[in-house]
Amino acid sequence: MSALAFFLIVVSLLSFVAAQLILKRAMEFSAANGLRNSRFVSLAAIGVALMTISFFLTLGLLQRFDLSYLYPFQGLSVIFITLLAAVALKENLSARLMLGALLITAGIVLVSIS
Amino acid sequence: MTNDHTRHRPTGFGNPWLQLGLSVLCVFVSEFLLKRGATDVAEPDSAFSWTGINCLKSSLVWWAILLIIASFISWLYVLRYVPITVAYPLSRVVDILVPLGCWIFLGELISTTRWCGIALVVVGLGLVAKPVAQIEERL
Chain L
14 MSALAFFLIV VSLLSFVAAQ LILKRAMEFS AANGLRNSRF VSLAAIGVAL
64 MTISFFLTLG LLQRFDLSYL YPFQGLSVIF ITLLAAVALK ENLSARLMLG
114 ALLITAGIVL VSIS
Chain W
12 MTNDHTRHRP TGFGNPWLQL GLSVLCVFVS EFLLKRGATD VAEPDSAFSW
62 TGINCLKSSL VWWAILLIIA SFISWLYVLR YVPITVAYPL SRVVDILVPL
112 GCWIFLGELI STTRWCGIAL VVVGLGLVAK PVAQIEERL
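First to last, the sequence lines map onto chains L and W.
The working numbering applies: residue 14 is where the first sequence begins, and numbers increase by one.
The working numbering applies: residue 12 is where the second sequence begins, and numbers increase by one.
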C-alpha cells in the first residue's frame, strides 16, 4: 500500500468520524432550538459535506483495493468515536474498551499486511 | 422489553426489528454495489480518480447512494423505538456479513492472515460496541 493510499484511508476515516460528531451536535442543538436557525443549518451542512468527502475518497480507494481489505479499517472509526467521546464527555475508559480497541487495531494490522 | 422505548411498538412494515434488518441489508448491499460500480469504471492511472468523482458514471454507485439514504432513514426510525444499547451492537452484524460476502459474491481471495485480522476486528467490535452505545445514548 502506498503512502498516498494510507493517507487517504486516514483522511476518509477522520472526516467520517468528525461528521458523526458534528451531526450529533447539530441534532442536539436542533432539539433545543428548532431547525430554523443558522447555527443548526451550518453545523448540518459541515457534517453532510464531511460525509460526502469521506464517501468519495472511499470510492477512489475501492477502484484500487479489495473490499475485504478496506472494510476492516472502518472498525477504527469505533475507536476514534470512543476516544473522542471519552475526551469530550470525560468518560472513563474501561478495561473492556481498551481491550476491544487493542483487538481491533491488531486485526487491522493483520489485514493491512495481508 | 417493557420500558418506555419499546412499548407501543408498531407491527407490520413499521416493526422496528424489521426496519433494523432492512437497514443492515441496505448497508450490506450498498457496499457491494459501490465496490462493483467503482471497479467497473476504475481509472487507476488517473490521479483525479482518487477523488472517486469519476465513479458517478456508474449506475450501480447511484443505486448504492439510494440504499445508503434508505438505510439512514430506517436507522433513525429504529432509534425511535429501540434503545441504542440494543440496536447498535445488532447493526454491527454487517461487519461479519461484508467479509463473508466478499468471499462468496466477489470471489475475493481472503488469505488466512486476513481472515484472522477480520476475526480480531469482529471480536474487538463486540467488546467495544456496548460501551460505545451507552456513551452515544448519553450524548
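A portion of the hints provided could be inaccurate.
As the list claims (entries may be wrong) - In silico contact screen, one side only, chain L against chain W (beta carbon under 10 Å); selected entries:
(1) 45
(2) 47
(3) 51
(4) 120
(5) 126
As the list claims (entries may be wrong) - In silico contact screen, one side only, chain L against chain W (beta carbon under 7 Å); selected entries:
(6) 19
(7) 23
(8) 24
(9) 72
(10) 76
(11) 89
(12) 108
(13) 110
(14) 112
(15) 113
(16) 116
These aren't lab readings, by the way, just hints derived from the structure by calculation.
Cβ atoms here follow ideal geometry from the backbone N, Cα and C, with glycine treated the same way.
Q: Run the structure past the numbered hints and jot down the numbers of the failing ones, going up.
A: 1, 2, 3, 6, 7, 8, 11 and 12
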